[in-house]
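Note that the protein sequences, when read in sequence, are chains A and B. Letter by letter, the first sequence follows residues -2 to 110 of my numbering. Letter by letter, the second sequence follows residues 980 to 1093 of my numbering.
Everything labelled a hint here was simulated from the structure, so no lab data went into it. All values derive from a computational prediction rather than experimental measurement. Where is the CB? At the ideal position from N, CA and C, for every residue including glycine. Any given hint could be a false lead.
Cβ-to-Cβ under 7 angstroms is the rule here; a few derived chain B residues that face chain A [to be verified]: (1) G1021; (2) L1022; (3) E1064; (4) A1067; (5) L1070; (6) T1081; (7) F1084; (8) G1087.
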Amino acid sequence: DQQVKQNSPSLSVQEGRISILNCDYTNSMFDYFLWYKKYPAEGPTFLISISSIKDKNEDGRFTVFLNKSAKHLSLHIVPSQPGDSAVYFCAASGLGSARQLTFGSGTQLTVLP
Amino acid sequence: GAGVSQSPSNKVTEKGKDVELRCDPISGHTALYWYRQRLGQGLEFLIYFQGNSAPDKSGLPSDRFSAERTGESVSTLTIQRTQQEDSAVYLCASNPGAAGNTIYFGEGSWLTVV
């Protein structure tokens, strides 16, 4: 049973528009969430994180929103750029339990010029 | 080093052979992880080392898989009697151990079993 789900395997967005990537989780013990970005033939790189005491965290063009009651988080990228085209992984863990980091299956984002 | 280093970057092996994959974590990082990603699938946890504690091997898919780490340095992931379903990119990651859950990945070792 997948504890972290990314139901959209792919997403295409026009350059300059907003990209919204979604992630759902089932384990109520998760209280720390991360997004990673992965280019082909490279390892994932950390993008942004949020802890459960917050409902929003912003870093430049990237904003992560957390809705604990719905067990849902989303990553917003605005404005989207062609260089943002990559696979985005959502990950979750219990705070302080790094070994329990659980990843979603990823969403391939394509930003069209 | 500046980042997590993995070798080889690419490996093609015949079914039934053994392979060894190496990971050199970021200097000073006490935690080390192995993940793999098979084609079309997400990141799959394999094993976790934290300092001198017993490793968490709960993600290893079979007894053909094993990993070792000497102290807080290099780790080796060994796959014995490789099968075609072992074809994947094997990612190593490290973490300072005490400061949060962000982990830093290497570029991966791409394994193809033919």
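Here's how the hints hold up against the structure:
1. G1021: holds, 4 angstroms
2. L1022: With Cβ-Cβ at 4 angstroms, under 7 angstroms, it holds.
3. E1064: violated, 17 angstroms
4. A1067: violated, 13 angstroms
5. L1070: holds, 5 angstroms
6. T1081: holds, 5 angstroms
7. F1084: holds, 4 angstroms
8. G1087: Because about 5 angstroms separates G1087/B from the closest Cβ in chain A, which is inside the 7 angstroms limit, the hint holds.
In this structure, the earlier hints numbered 3 and 4 are contradicted, and the remaining ones agree with it.
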